[in-house]
Amino acid sequence: MQNHPVYTDNDPQSELSTLNLGPTHPATHGVFQNVLQLDGERIVSGVSTIGYIHRAFEKIAEHRPFYQITPLTDRLNYCSSPINNMGWHMTVEKLLGITTPKRVDYLRVIVMELARIADHIVCNGVLGVDTGAFTGFLYMMEFREAIYEIYEEVCGSRLTTNIGRIGGFERNFNTIAFAKLRKFLVDFPKTLKEFESLFNRNRIFVDRTKDVAAVTAEDALSYSWTGPILRATGVDYDVRAMNPYSSYEDFEFEVPVGTNGDVYSRFLVRNEEMWQSLRIIEQALTKLEKEPTDIFHADVPEFYLPPKEEVYNNMEALIYHFKIVMGEIPTPNTEVYHSVEGANGELGFYLVNDGGRSPYRLHFRRPSFINYQMYAPMSRGMLLSDAIINMSSLNVIAGELDA
Amino acid sequence: MATIPNEELLKRIGEKFGEQVTLVGEPYGLLTVETTREQIIDLLAFLKTDAALRFTFLTDITGIHYPEQEKQIGVIYHLHSLTTNTRIRVKVFLVDGDVHIPTATELWNGANWMERETYDFFGVIFDGHPDLRRILNVDDMTAFPMRKEFPLEDPNRVDKKDYFFGR
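If you're matching them up, the sequences are chains A and B in order.
Under full-length UniProt numbering, the first residue of the first sequence carries the number 1, and numbering increases by one thereafter.
Under full-length UniProt numbering, the first residue of the second sequence carries the number 1, and numbering increases by one thereafter.
Source of the hints: derived by calculation from the structure; they are not laboratory data.
From the three backbone atoms N, C-alpha and C, an ideal C-beta is built for every residue, glycine too.
Take these hints with a grain of salt, some might be off.
To be verified - Listed below are the simulated BS3-like cross-link pairs for lysine-lysine, each with C-alpha atoms no more than 27 Å apart in a straight line:
no.	chain 1	residue 1	chain 2	residue 2
1	A	Lys323	B	Lys148
2	B	Lys11	A	Lys323
3	A	Lys287	A	Lys183
4	A	Lys308	A	Lys102
5	A	Lys59	B	Lys148
What the hints assert, rightly or not - Only part of the chain A face toward chain B is listed, based on derived beta-carbon distances under 7 Å:
no.	residue
6	Ser224
7	Trp275
8	Glu335
9	Arg361
To be verified - Residues of chain A clear of chain B, computed beta-carbon distances all greater than 12 Å:
no.	residue
10	Glu15
11	Leu16
12	Asn20
13	Asp74
14	Arg75
15	Lys102
16	Thr135
17	Ser157
18	Val186
19	Arg201
20	Gln283
21	Phe369
Work out the full structure, taking the sequences as your base and the hints as a guide.
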């Protein structure tokens, strides 16, 4: 797979040393353990050990009603929790046959694209840090904070958002949220441009990343890669374009692809995706002007938790609240697979339902888990320092890796 | 290329495999077929290499446990044809006590960890797998925790009984 020379145990010149990279190494940005055999600075072989923060979400989900599973999905890819939340909501809506109003779809698109930007900010910023440039990271992190403030206005929390409900949002977007969003749309492009001019043609950065960990499209597809790292190899697979959900078909955007699948291509693809996300958010704001401003959830009282003042003052709302919490509403006895384009790739939810209160079986197709399995094989023959930035550019999130 | 209609897809599979592949249903438009472990690799290879179908992308492998059924353990494959944007779901059910199934790592490298995860949680043994070890749970665990008989919490706890919560 790699063109680098691979040193083996049989080489009489070699004296291999074993290095435990992780599980708590500052350069791995998460709980990853790789036991590497090194010859000098070249990696001869590596074994990945995962599962350090496995929390058995799939098992827990079998004991919880649908609306209580949303907080579990937060903790998968915690850099872009809203995408996970909404992916889960849309899976349940698909199961129940709920169609959401256009305004809900557009609001969701805005939040999901903000989440994608936040995730790419972290990934590309950290890639800069790992190659020795702290400035870009600090510039960009300011805007992750701005995005978190928008989440705060929408749902009240920042990192593990639990944003939205089955059927829509728990409350309407307030004016401050829109004001902060518009400010973000004015300020962020300038910084992103600055960030690009810091890195894209920076000699040190290009030398460190170009042709490092290059992956062919065949290998990437064989390892079931999805997301920016697959698109960096030249395959234009994006769930938003291929199987549009949440009215993505109404938007105009490009799917950026790379050419040779190396770390530099992944960096460029992620940067371009941020520009496309900004474009989508702008379009969504324009489309929202034509929608009635008071709709923020679908009219499905059987599944949408009513607001508390309704519960206390309205008979029907109290009944529905009780029925939803106790799980007494019949659901179809079938199975559904729904996937969304997470920040790292295709995030799939395979839900088998038996009509009961909680799923019979819920499986998360976690892109980090599937993308990470090529890490050890592709590290063979690589320099240790290249393996570090390769891990950063794969953007593997420990929570999603271990579920 | 346009999406392959489910009828056409089923017909093509039927021409090749006849009675050995049965239709389970089309929940939400996703064609679901069931086959046996003797046929599974042939079926996956056919789906992958057939010039008209080209299900070259392995989306997912996972398991499921139905304690009431005769064949308790299910292995579920999701494939995706990126050229035609068609998806298909293939299921194989196995008798508990003889949970052997051939590995798909010959066809896709990505099947490696997916099968390890399925082994880890359901105890399905993928024959011919290069490195079938536990992946997320600790190595010295003896149970397969996603099977239904495995309790979520310590069964001796008395403060979390379901009847306190009305369920």
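For each hint, the structure was consulted:
no. : hint                : verdict
1   : A:Lys323 - B:Lys148 : holds (26 Å)
2   : B:Lys11 - A:Lys323  : violated (44 Å)
3   : A:Lys287 - A:Lys183 : holds (18 Å)
4   : A:Lys308 - A:Lys102 : holds (25 Å)
5   : A:Lys59 - B:Lys148  : holds (9 Å)
6   : Ser224              : holds (3 Å)
7   : Trp275              : violated (25 Å)
8   : Glu335              : holds (5 Å)
9   : Arg361              : holds (5 Å)
10  : Glu15               : holds (27 Å)
11  : Leu16               : holds (21 Å)
12  : Asn20               : holds (17 Å)
13  : Asp74               : holds (19 Å)
14  : Arg75               : holds (15 Å)
15  : Lys102              : holds (21 Å)
16  : Thr135              : holds (37 Å)
17  : Ser157              : holds (25 Å)
18  : Val186              : holds (37 Å)
19  : Arg201              : holds (33 Å)
20  : Gln283              : holds (24 Å)
21  : Phe369              : violated (7 Å)
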